[in-house]
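Start from the sequences and build out the full structure, keeping to the hints where you can.
Number of protein chains: 2
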Amino acid sequence: MSNLQKEDFSKWYLRTIQNADLMSYSPVRGCIIFKPDGYELWERIQKQFNKYLETQKIRNSYFPLLIPKHFFEKEADHIKGFAPELPWVTQVGDEKLEEPLALRPTSETIIGSSFSDWIQSYRDLPYEVNQWANVFRWEKKTIPFLRTSEFLWQEGHTAHASEEDARNRTMNVLDAYADLIENFLAIPAYKGQKTPSERFAGAVDTYSIESMMRDGKAVQAGTSHYLGNNFAKSFNIKFLDKDNKHKYVFTTSWGSSTRLIGAMIMEHGDEKGLVLPPAIAPTQVILVPVGPWQKNPKIIEQLNNIEQKLKDKNIRVQLDDSDSSPGFKFNDWESKGVPIRIEFGPRDLENNQVTIKLRDLNDKETTPILEIEDYISNQLKLMQKRLLESARKRNKENEYYNIDTLEDLKKHIEKKKEENNTPGFILIGWDGTAETEAKIKEETGFTTRNIPFNPPIEKKIDIVSGKPAKYTVWIARAY
Amino acid sequence: MSNLQKEDFSKWYLRTIQNADLMSYSPVRGCIIFKPDGYELWERIQKQFNKYLETQKIRNSYFPLLIPKHFFEKEADHIKGFAPELPWVTQVGDEKLEEPLALRPTSETIIGSSFSDWIQSYRDLPYEVNQWANVFRWEKKTIPFLRTSEFLWQEGHTAHASEEDARNRTMNVLDAYADLIENFLAIPAYKGQKTPSERFAGAVDTYSIESMMRDGKAVQAGTSHYLGNNFAKSFNIKFLDKDNKHKYVFTTSWGSSTRLIGAMIMEHGDEKGLVLPPAIAPTQVILVPVGPWQKNPKIIEQLNNIEQKLKDKNIRVQLDDSDSSPGFKFNDWESKGVPIRIEFGPRDLENNQVTIKLRDLNDKETTPILEIEDYISNQLKLMQKRLLESARKRNKENEYYNIDTLEDLKKHIEKKKEENNTPGFILIGWDGTAETEAKIKEETGFTTRNIPFNPPIEKKIDIVSGKPAKYTVWIARAY
Ligand SMILES: [Zn+2]
Ligand SMILES: [Zn+2]
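For the protein sequence lines, the chains are W and U, in the order given.
Note that the numbering used here has the first sequence beginning at 54, numbered continuously upward.
Note that the numbering used here has the second sequence beginning at 54, numbered continuously upward.
It should be emphasised that the hints constitute simulated quantities derived from the structure, not laboratory data.
Note that beta-carbon positions come from the ideal geometry of N, C-alpha and C, so glycine has one too.
Worth double-checking, as some hints may not be accurate.
[As the list claims (entries may be wrong)] The list that follows gives simulated cross-link-like pairs (lysine-lysine, BS3-like), each with its CA atoms no further than 27 Å apart:
hint: 1; chain 1: W; residue 1: K100; chain 2: U; residue 2: K382
hint: 2; chain 1: U; residue 1: K194; chain 2: W; residue 2: K194
hint: 3; chain 1: U; residue 1: K366; chain 2: W; residue 2: K104
hint: 4; chain 1: W; residue 1: K194; chain 2: U; residue 2: K122
hint: 5; chain 1: W; residue 1: K364; chain 2: U; residue 2: K366
hint: 6; chain 1: W; residue 1: K362; chain 2: U; residue 2: K110
hint: 7; chain 1: W; residue 1: K366; chain 2: U; residue 2: K366
hint: 8; chain 1: U; residue 1: K110; chain 2: W; residue 2: K382
hint: 9; chain 1: U; residue 1: K194; chain 2: U; residue 2: K463
hint: 10; chain 1: U; residue 1: K351; chain 2: U; residue 2: K382
[Claimed, not checked] Not the full set, but computed from the structure, chain W residues with beta-carbon under 7 Å of chain U:
hint: 11; residue: I86
hint: 12; residue: F87
hint: 13; residue: L119
hint: 14; residue: Q144
Below, the structure is given as structure tokens:
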């Protein structure tokens with residue numbers, strides 16, 4: 054078996070997503086093609102998150118992709134943050150436009166402008182919408198799914214009568230992201246607040262879910278922003294309150310994107326390829342006939358029977374009765390990450406059993422055909438939990454709490470490098486200055502991920518200045 | 054009651070979609086905002102058409118929005134057809150791009166280029182994908198939903214080993230569009246072939262579903278193109294056939310868009326506003342308490358009970374227990390097109406009945422609460438059929454088969470105008486020349502819609518030249 058994941062994680066990742074037929078490079082710099090097996094993962098994430106939106110009565114809508122230049126200029130931090138990566142439409146046909154139009158990197162401005170038309174009174178609040186859309190941020194270095202010039206995402210935008218309501222929505226969505234990531238994608242969520250330097254351009258506070266990949270690097274899996282009155286003031290979003298006074302609304306925005314697909318792959322994948330959590334797997338069970346099955350029609354007959362039983366139980370099952378060899382099929386479906394393989398041949402037929410291989414475990418086992426549907430259904434649930442637990446265990450092994458100085462940090466990184474191991478997530482003390490963050494980044498490439506709500510321990514001393522720490526912060530290398 | 058639909062159809066349309074809160078204008082020329090009530094109609098259309106795609110094992114994918122300029126230039130007819138309406142990204146941040154990138158008006162070129170990478174052998178065929186995406190065609194005159202600079206659509210792209218297979222897919226999709234339009238949106242479908250002048254830029258043959266609006270004008274509701282080897286040759290899409298020879302594939306493409314929303318509104322709407330076919334209506338039944346209901350808690354109790362019964366039957370129901378007056382609620386929900394209103398007050402409570410108002414009929418009726426769910430379920434089915442039948446009847450009254458000369462056509466139009474009536478769809482004889490089409494358009498504004506597969510009668514003489522007709526064609530004014 055290959056050792057590539059351990060030796061060259063990036064190379065392993067690129068090979069894995071191609072072998073699994075999830076994507077294809079495109080002729081446009083930094084833009085990928087989502088092939089059906091990749092896109093279906095996104096469709097399933099959409100379906101799952103839409104369930105949350107429904108419980109909250111937040112409905113989907115669609116706003117124009119193109120945003121007039123002067124809209125960006127209304128919120129000073131916002132344009133400053135996004136300007137370098139904005140693609141501009143300057144021409145239609147042969148004609149030059151009077152005002153350039155940006156391809157949205159996010160939609161606070163155009164939605165803010167709409168809110169100011171739509172919101173009149175406290176009765177209109179909260180006003181909460183979401184959209185599923187393509188967005189553009191022209192990146193220097195791109196990685197399929199994780200960082201692409203065009204990507205797909207959902208962005209929620211809400212307006213509230215009070216700071217409290219807006220903050221509640223901000224945190225409620227953060228919890229929803231954590232739930233999606235942990236219980237659907239089986240990725241442990243590091244919940245916390247971003248430092249000011251990592252804040253969304255235009256936000257008062259940004260909160261994030263961070264996740265740790267197998268190579269110890271971080272992926273920001275979702276962010277939720279409390280925007281205060283910033284956009285309300287820039288776009289004049291006011292409401293007539295119960296006390297008959299005109300007041301600015303308090304807004305929030307929050308997003309998660311197709312980078313979740315990349316995170317899931319880097320979290321669970323192994324040397325054989327993808328490992329998909331059962332909850333999201335387009336195909337949960339693959340049925341493979343083995344032995345001289347073409348000579349005994351009873352084998353396919355029984356497999357059809359098993360297929361139907363599983364379908365009746367709402368299990369997503371496929372029968373691979375193609376002419377390829379069993380060995381080829383095993384590799385192929387393993388590289389695609391299918392959670393459970395059921396092998397069925399003459400001996401199984403004779404013994405009224407099936408042979409089962411779980412994608413994340415090594416041994417095969419046999420189980421009677423009778424009540425196979427309950428057995429499989431249960432195994433899918435167990436695997437879903439097991440993947441999250443394995444990830445938690447891996448994360449714990451790569452978390453470090455007792456690094457107190459920049460020297461120690463550098464030594465730690467050096468040591469891990471020598472061991473061909475990951476430096477992981479480091480919990481540090483921080484005095485709250487941008488100087489400390491800049492110094493860490495400059496010397497180690499580590500960045501602050503977030504300030505956890507419940508740190509495993511409280512750190513007392515700033516890792517750079519040695520001054521008393523105001524915050525306990527996760528730092529890591531990040532995608 | 055207002056007479057606006059009859060007097061000024063355009064004004065009626067714009068008022069109707071705004072009253073129903075479906076859309077909002079945006080700061081970008083010709084781009085609209087799909088508000089939740091409008092976007093949900095699109096989500097339901099997506100869900101319905103995805104069912105067809107699933108039966109055909111055509112899977113969704115996603116291709117980049119941006120298309121390099123030289124891609125368009127590979128297919129000469131294609132660039133010629135789309136060039137005037139293409140928005141171009143020429144700059145990112147402060148930097149000018151080396152090659153301008155177009156915002157896709159459709160994706161034959163970028164998908165063709167991908168197909169040429171992905172397709173190797175006859176075993177890879179048919180290769181069939183679909184995408185749901187935003188597309189751009191910068192229109193001079195825009196109408197919300199029907200013609201906007203950015204719109205949402207699905208586009209299917211398929212490659213086949215033979216002309217026969219490709220033509221079968223082209224026609225199979227056309228049937229699927231007809232099914233969607235008739236049985237989901239309750240709009241009668243006029244199936245036929247486009248004339249060469251109305252053909253898709255780059256196609257060998259274009260087929261369309263046309264629909265007739267209440268004002269007698271046509272909306273093209275879906276098109277399906279047989280592209281022959283045109284794109285295969287431009288993008289070098291070849292496969293190794295069973296006979297060991299390299300051959301060009303035969304491709305198709307087909308699309309339907311958010312203009313279906315506009316068509317549905319113009320087909321069924323009345324002076325009170327929207328009329329939604331039950332199959333697509335986000336809310337199928339609205340429950341409204343009447344009389345002094347706040348004083349008798351039994352009324353809301355019983356309404357909650359009815360609501361639950363309907364929900365259990367998978368009927369989309371809402372209870373409006375807001376403080377507005379019943380009259381206000383009646384108007385509001387009628388303007389939003391909810392198929393069935395159930396009124397419930399003290400007298401209904403006493404008699405164990407509900408009062409029912411069907412959106413498309415004038416009378417109210419009462420029915421016992423017992424088994425209300427079966428009654429309503431049946432009424433929804435009946436209304437779905439009734440709307441299609443009413444539309445068919447209206448269409449028949451606005452179809453004209455016996456206009457044989459341009460003079461007669463002009464007289465017909467004049468007469469209808471005097472009667473304040475619609476000139477409708479005219480079935481004409483056509484000698485197959487572009488001259489006839491040009492002359493008709495110039496003199497009357499009518500354009501050829503399509504050559505029906507089963508015309509009600511065969512026309513023998515060209516309406517302009519008087520020469521023998523080669524085709525029988527529908528002409529109409531069109532959106
Ligand atoms: Zn600001
Ligand atoms: Zn051509």
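Results of checking the hints against the structure:
With a C-alpha separation of about 32 Å, the suggested pairing of K100 (chain W) with K382 (chain U) is violated against the 27 Å cut-off. Restraint check for K194 (chain U) and K194 (chain W): the C-alpha separation of about 41 Å exceeds 27 Å, so the hint is violated. The straight-line distance between the Cα atoms of K366 (chain U) and K104 (chain W) is roughly 20 Å, inside the 27 Å bound, and the hint therefore holds. Simply put, K194 (chain W) and K122 (chain U) have alpha-carbon atoms about 23 Å apart, close enough for the 27 Å limit, and the pair holds.
For a cut-off of 27 Å, the pair hint linking K364 (chain W) to K366 (chain U) stands: about 23 Å separates their Cα positions. Distance restraint check for K362 (chain W) and K110 (chain U): the Cα-Cα separation of roughly 21 Å lies within the 27 Å cut-off, and the hinted pair is therefore satisfied. For a cut-off of 27 Å, the pair hint linking K366 (chain W) to K366 (chain U) stands: about 21 Å separates their Cα positions. Pair hint K110 (chain U) plus K382 (chain W) holds up; C-alpha atoms about 20 Å apart against a cutoff of 27 Å.
Taking the CA atoms of K194 (chain U) and K463 (chain U), the gap is about 25 Å. The hint holds against a cut of 27 Å. With a C-alpha separation of about 21 Å, the suggested pair K351 (chain U) and K382 (chain U) falls inside the 27 Å cut-off, and the hint holds. Interface restraint check: I86 (chain W) against chain U, minimum CB-CB distance 5 Å, threshold 7 Å, status holds. For F87 (chain W), the shortest C-beta to C-beta distance to chain U is roughly 4 Å, which falls under 7 Å, so the interface hint holds.
Nearest Cβ of chain U to the Cβ of L119 (chain W): about 5 Å, under the 7 Å cut. The hint holds. Nearest Cβ of chain U to the Cβ of Q144 (chain W): about 5 Å, under the 7 Å cut. The hint holds.
When each numbered hint is compared with the structure, violations occur for hints 1, 2.
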